[in-house]
Amino acid sequence: MSRIKSYTTLFCLFITYFTFAGGDPVPVGGRSWGMANTFLTLRDPFALFNNPAGLSEFTYTSAFATFDSRYGVSGLQYYTAGFVMPVRFGTFGVGFQRFGNELYNEQQIGLAFGKKIDLVSLGAKVNLLQIGMDTFGAKRVLTFEFGAIAEIIPKKLLLGAKIHNLTSAKIADYQDERVPTVMSVGFSFRPTEKLMLNAETEKDIDFPAIIKAGLEYEIVKNLKLRTGISSKPYINYFGIGFSPKSLQFDYAVRTHPQLGLSHQISVLYRFREKTKSQTPQNQ
Amino acid sequence: MLIVFLVFIAFSAKNLAQNYPLKDIDIDAFILDLFNQQDEDINYEDLYEALFQLYTDPLDLNQASRDELGSLFVLSQEQINNLLKHRQENGKMVSIYELQAIEGLDLTTINKLLPFVKVDNEYADQRPLLKKIWDEPNHYVLLRYGRVFGQRKGFTAAVPDASGDVPQRYQGSPDKLYLRYRVSHPKDYSFGFTTEKDAGEQIVFDNTTTGFDFWSFHAQIQNRGSWKNITLGDYQLQFGQGLVLSAGFAVGKGSETINTVKRNNLGIRPYSSVLETGYFRGGAATYTWKNFDITTFYANNRRDANLVTQDDTLAEEAEDFVSSLLIAGFHRTPNEIATKNRIREQNIGGNITYQSKNNNLQAGITALYTDYGISLQRQPTVYNQFEFRGRQNLVLGGNFTYIFENINFFGELARSQSGGLGLVSGLVSSLSRTVEMAMLYRRFDKNFHSFYANAFGENTRNINENGWYWGLKYTPFRKLVFSAYYDKFSFPWLKFGVDAPSQGYEYLFRITYKPVKTIALYAQYREENKDKNQPDNNTNIDFITSALRRNYLLTADFNAQKNFFLRSRVQWSSYHIGSVTTKGFAVIQDVNFAVGKFELSSRFALFDTEDFNNRQYVYEKDVLYAFSIPAYNGQGLRNYFLMQYTLTKKIDCWLRYSQTRLRNAKTIGSGLDEIKGNTLQEIKMQVRIKL
Numbered sequence: 009m010s011r012i013k014s015y016t017t018l019f020c021l022f023i024t025y026f027t028f029a030g031g032d033p034v035p036v037g038g039r040s041w042g043m044a045n046t047f048l049t050l051r052d053p054f055a056l057f058n059n060p061a062g063l064s065e066f067t068y069t070s071a072f073a074t075f076d077s078r079y080g081v082s083g084l085q086y087y088t089a090g091f092v093m094p095v096r097f098g099t100f101g102v103g104f105q106r107f108g109n110e111l112y113n114e115q116q117i118g119l120a121f122g123k124k125i126d127l128v129s130l131g132a133k134v135n136l137l138q139i140g141m142d143t144f145g146a147k148r149v150l151t152f153e154f155g156a157i158a159e160i161i162p163k164k165l166l167l168g169a170k171i172h173n174l175t176s177a178k179i180a181d182y183q184d185e186r187v188p189t190v191m192s193v194g195f196s197f198r199p200t201e202k203l204m205l206n207a208e209t210e211k212d213i214d215f216p217a218i219i220k221a222g223l224e225y226e227i228v229k230n231l232k233l234r235t236g237i238s239s240k241p242y243i244n245y246f247g248i249g250f251s252p253k254s255l256q257f258d259y260a261v262r263t264h265p266q267l268g269l270s271h272q273i274s275v276l277y278r279f280r281e282k283t284k285s286q287t288p289q290n291q
Numbered sequence: 023m024l025i026v027f028l029v030f031i032a033f034s035a036k037n038l039a040q041n042y043p044l045k046d047i048d049i050d051a052f053i054l055d056l057f058n059q060q061d062e063d064i065n066y067e068d069l070y071e072a073l074f075q076l077y078t079d080p081l082d083l084n085q086a087s088r089d090e091l092g093s094l095f096v097l098s099q100e101q102i103n104n105l106l107k108h109r110q111e112n113g114k115m116v117s118i119y120e121l122q123a124i125e126g127l128d129l130t131t132i133n134k135l136l137p138f139v140k141v142d143n144e145y146a147d148q149r150p151l152l153k154k155i156w157d158e159p160n161h162y163v164l165l166r167y168g169r170v171f172g173q174r175k176g177f178t179a180a181v182p183d184a185s186g187d188v189p190q191r192y193q194g195s196p197d198k199l200y201l202r203y204r205v206s207h208p209k210d211y212s213f214g215f216t217t218e219k220d221a222g223e224q225i226v227f228d229n230t231t232t233g234f235d236f237w238s239f240h241a242q243i244q245n246r247g248s249w250k251n252i253t254l255g256d257y258q259l260q261f262g263q264g265l266v267l268s269a270g271f272a273v274g275k276g277s278e279t280i281n282t283v284k285r286n287n288l289g290i291r292p293y294s295s296v297l298e299t300g301y302f303r304g305g306a307a308t309y310t311w312k313n314f315d316i317t318t319f320y321a322n323n324r325r326d327a328n329l330v331t332q333d334d335t336l337a338e339e340a341e342d343f344v345s346s347l348l349i350a351g352f353h354r355t356p357n358e359i360a361t362k363n364r365i366r367e368q369n370i371g372g373n374i375t376y377q378s379k380n381n382n383l384q385a386g387i388t389a390l391y392t393d394y395g396i397s398l399q400r401q402p403t404v405y406n407q408f409e410f411r412g413r414q415n416l417v418l419g420g421n422f423t424y425i426f427e428n429i430n431f432f433g434e435l436a437r438s439q440s441g442g443l444g445l446v447s448g449l450v451s452s453l454s455r456t457v458e459m460a461m462l463y464r465r466f467d468k469n470f471h472s473f474y475a476n477a478f479g480e481n482t483r484n485i486n487e488n489g490w491y492w493g494l495k496y497t498p499f500r501k502l503v504f505s506a507y508y509d510k511f512s513f514p515w516l517k518f519g520v521d522a523p524s525q526g527y528e529y530l531f532r533i534t535y536k537p538v539k540t541i542a543l544y545a546q547y548r549e550e551n552k553d554k555n556q557p558d559n560n561t562n563i564d565f566i567t568s569a570l571r572r573n574y575l576l577t578a579d580f581n582a583q584k585n586f587f588l589r590s591r592v593q594w595s596s597y598h599i600g601s602v603t604t605k606g607f608a609v610i611q612d613v614n615f616a617v618g619k620f621e622l623s624s625r626f627a628l629f630d631t632e633d634f635n636n637r638q639y640v641y642e643k644d645v646l647y648a649f650s651i652p653a654y655n656g657q658g659l660r661n662y663f664l665m666q667y668t669l670t671k672k673i674d675c676w677l678r679y680s681q682t683r684l685r686n687a688k689t690i691g692s693g694l695d696e697i698k699g700n701t702l703q704e705i706k707m708q709v710r711i712k713l
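If you're matching them up, the sequences are chains U and W in order.
Position in the first sequence (from 1) plus 8 gives the number in the numbering used here.
Position in the second sequence (from 1) plus 22 gives the number in the numbering used here.
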């Protein structure tokens with residue numbers, strides 16, 4: 009019975025839109041997923057996986073973990089863990105991500121660095137990706153990411169851009185299989201401190217461009233509600249975030265028109281804050 | 023690549039404190055602004071090289087005429103009026119900072135203007151010519167080398183095919199070499215030569231080639247008493263609206279909707295480009311008498327042509343003739359080499375221009391007589407029935423420009439010896455402080471033959487076209503500009519690929535928002551509808567159907583800190599003909615920064631187009647004086663790295679590496695330029711030595 013379930017997993021891999029050639033950039037954090045993954049301009053520790061330029065302007069060291077389950081099918085889960093530490097001249101982050109089960113899995117460990125210079129933040133990340141398949145062995149490949157965030161109107165209007173897999177890392181010669189190269193560009197409009205509206209476009213070299221839009225609203229202190237939409241496949245996203253003291257919990261759910269519900273939950277712990285105030289430094 | 027990562031880490035260290043301003047960014051942004059829409063299959067690099075000549079000679083603001091100021095495409099009519107008024111009332115400008123005192127010239131416009139102008143307040147330099155040349159700062163030698171990696175088909179060994187024919191191959195090496203020497207002072211003198219060898223061309227010494235494939239040289243002196251301009255060597259002429267003589271700066275419809283509509287009377291201009299046609303080689307002079315400028319010229323050029331020799335000498339009146347003239351200038355394969363310099367084209371003509379005392383009226387008459395020395399007989403087709411055939415041609419035209427209050431009227435009417443008429447007329451006006459308008463009507467008969475014309479129009483040549491153009495620009499605040507144009511045109515006779523009289527329209531709408539000096543945001547939409555033959559038609563008669571093209575563009579420029587620049591650009595298009603719609607998309611990210619004596623520009627782009635109709639043209643930064651506007655077509659990635667290094671105060675070097683990588687492709691390029699594999703890599707090196 010578990011064999012059938014496992015092969016179903018493999019089969020699902022081929023009909024799912026998101027995972028294909030392996031090494032796709034998968035955003036992490038309930039915050040990002042709650043806003044249809046319009047993450048380019050978000051400055052929080054999850055930017056370690058989302059946009060390395062977001063690793064800037066931190067005054068605290070943090071660690072986080074996320075869990076993502078798709079369509080209720082086992083074997084299609086993502087686990088991530090990350091550790092972010094600001095240093096004198098920037099912010100470092102180390103992260104680990106795993107997808108799949110013993111039949112097919114992808115594991116990735118990455119090192120990122122981000123820095124803010126006046127109104128621009130830049131970030132870069134290097135990953136070691138391993139794709140393993142039962143009876144086929146494992147393949148290892150190195151990929152690079154580069155991101156930027158520019159504050160057009162400081163704190164109110166931001167522009168973000170990211171390139172995933174600059175070098176078109178090759179997985180196999182057969183059919184010229186490569187880790188997908190994805191470019192994203194997007195805006196974030198924040199009319200007040202409690203409200204954020206984002207719009208982005210993402211283009212995977214092998215697929216048509218996707219447009220995403222997301223919204224975050226802080227209805228009461230430390231409680232945020234999120235929603236978002238994306239095109240082709242047309243998915244609705246909903247999320248909620250709660251940040252008591254040094255912890256931050258984010259949960260997001262999304263609905264795929266054919267494949268149903270998927271969930272993401274993330275936990276973030278801030279070690280120490282250098283500033284006196286207790287409000288989180290997330291922007 | 024790892025290099026980018028490491029460079030980035032190095033960059034984030036303290037070096038940034040050196041505020042080394044980025045050079046040439048304004049020129050790039052300006053060209054990008056001006057020429058934003060491309061869809062014709064023309065060699066755009068060549069076009070822009072021709073325009074850039076205008077910019078290698080900074081205009082002296084104290085001596086520039088209205089026409090010369092207009093030719094920069096930066097100033098509106100009102101701004102030009104104010105500048106001339108300021109000069110008239112206050113005398114010569116003392117320094118470039120005086121621009122801020124002129125009414126109507128805001129800081130944005132001044133910054134756009136700066137790369138192309140200077141203020142020369144020295145007394146007229148009476149020293150001997152050689153001494154002046156020795157001290158002249160605008161004196162340089164430029165050397166460029168380019169090479170594509172990956173063997174193009176034209177460089178592989180030729181294997182005889184099934185019928186025993188040996189296919190053509192490029193005869194020369196894959197290196198592209200270019201050398202340019204120039205010394206010039208505006209309104210005083212200009213000397214220079216340029217020589218070039220394209221990839222695939224040989225270095226030989228024979229009766230058509232002296233070493234490199236192409237040579238160009240000129241010697242010009244200006245303002246010697248009544249002699250306004252004497253030029254020997256290679257030159258171009260621009261009079262009136264360019265219906266008879268136009269110096270090839272085909273700035274047509276684009277993002278700049280007002281300032282490119284009216285052409286300017288520039289007279290004789292030295293030629294130093296490497297476009298191998300479109301210029302005159304001989305001598306020209308302009309003499310000033312009272313309010314008249316009288317120009318005469320003579321030229322004798324060798325042209326590339328397909329010569330058809332008649333073998334049967336017994337037949338009566340068996341004359342050799344030319345079936346077509348070639349303009350690309352490539353001499354790589356034996357067939358191309360055989361067409362080099364086959365005929366001698368002679369041109370003679372002149373122009374008289376009258377300028378009224380108050381500068382409000384300018385009128386001129388232009389005549390051009392062309393003799394090919396041999397009859398040009400195109401292969402007859404349905405669509406070229408009214409094209410020029412014969413040995414000689416005469417074109418005569420009259421033009422005027424009249425300024426009334428805030429409206430600048432202009433026009434030109436010309437007639438070619440066939441009886442065909444060409445007409446261009448219009449106006450440009452600053453209707454209020456915030457609104458500018460341009461309007462133009464053109465009419466070119468199907469038998470109007472003017473070989474050196476380049477007046478405003480939809481087609482690349484001024485023949486067989488009628489149209490109305492209306493452009494508007496609204497600047498409610500300094501930071502926000504709305505520009506738009508609407509062009510309606512029709513073609514009374516057939517065209518290539520269009521087997522019936524046809525018509526179409528085009529419109530563009532653009533918003534430019536610059537919240538602060540360092541940030542610019544653009545959004546642009548363009549729609550063009552033109553008739554074409556129905557594809558896959560299987561009836562005897564070709565029916566025409568409309569082809570609708572839509573182009574969308576979003577760009578954000580961010581100029582942080584003077585030595586760091588980011589540009590994000592997303593553009594997409596759709597093409598609809600018959601019942602088929604295809605799409606194209608490109609996303610481009612540019613990062614440019616300067617550290618110490620280095621300047622680095624890089625791009626990462628991803629494109630995905632369904633077919634050639636949706637190819638995305640994107641301007642790329644290239645080494646100084648070179649232009650790169652490749653078409654991104656297919657599905658793939660494009661990146662480049664350009665490094666500029668100031669070795670000493672007098673020596674600058676450039677190094678550029680670019681790469682296109684296609685996805686799901688076995689070959690890249692076509693014809694003899696095809697490369698096996700899916701990657702095209704190119705390297706360019708350049709050195710400029712100021713003398």
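No lab work stands behind these hints, which were simulated from the structure alone.
All values derive from a computational prediction rather than experimental measurement.
Cβ coordinates follow ideal geometry from the N, Cα and C atoms, glycine included.
Heads up, a few of these hints could be off.
[Stated by the list, open to error] Some but not every residue of chain U turned toward chain W, in silico, with C-beta under 10 angstroms:
(1) Ala156
(2) Ala169
(3) Lys170
(4) Ile179
(5) Ala180
(6) Asp181
(7) Thr189
(8) Thr209
(9) Ser254
[Said to hold, decoys possible] Derived CB-CB ranges, DEER-like:
(10) W:Ser568 / U:Pro265: 31 to 37 angstroms
(11) W:Leu443 / U:Pro199: 45 to 51 angstroms
(12) W:Pro514 / U:Pro199: 52 to 58 angstroms
(13) U:Thr200 / W:Gln703: 22 to 28 angstroms
(14) U:Ser239 / W:Ile711: 52 to 58 angstroms
(15) W:Asn551 / U:Ala180: 41 to 47 angstroms
(16) U:Ser239 / W:Ala184: 20 to 26 angstroms
(17) U:Ala180 / W:Val163: 47 to 53 angstroms
(18) U:Ser254 / W:Phe499: 45 to 51 angstroms
(19) W:Lys539 / U:Phe197: 18 to 24 angstroms
(20) U:Phe144 / W:Lys688: 34 to 40 angstroms
Each hint, compared with the structure:
| no. | hint | in the structure |
| --- | --- | --- |
| 1 | Ala156 | holds, 6 angstroms |
| 2 | Ala169 | holds, 5 angstroms |
| 3 | Lys170 | holds, 9 angstroms |
| 4 | Ile179 | violated, 14 angstroms |
| 5 | Ala180 | violated, 15 angstroms |
| 6 | Asp181 | violated, 13 angstroms |
| 7 | Thr189 | holds, 6 angstroms |
| 8 | Thr209 | holds, 6 angstroms |
| 9 | Ser254 | violated, 29 angstroms |
| 10 | W:Ser568 / U:Pro265: 31 to 37 angstroms | holds, 36 angstroms |
| 11 | W:Leu443 / U:Pro199: 45 to 51 angstroms | violated, 59 angstroms |
| 12 | W:Pro514 / U:Pro199: 52 to 58 angstroms | holds, 55 angstroms |
| 13 | U:Thr200 / W:Gln703: 22 to 28 angstroms | violated, 50 angstroms |
| 14 | U:Ser239 / W:Ile711: 52 to 58 angstroms | holds, 54 angstroms |
| 15 | W:Asn551 / U:Ala180: 41 to 47 angstroms | holds, 46 angstroms |
| 16 | U:Ser239 / W:Ala184: 20 to 26 angstroms | violated, 51 angstroms |
| 17 | U:Ala180 / W:Val163: 47 to 53 angstroms | holds, 50 angstroms |
| 18 | U:Ser254 / W:Phe499: 45 to 51 angstroms | holds, 46 angstroms |
| 19 | W:Lys539 / U:Phe197: 18 to 24 angstroms | holds, 22 angstroms |
| 20 | U:Phe144 / W:Lys688: 34 to 40 angstroms | violated, 26 angstroms |
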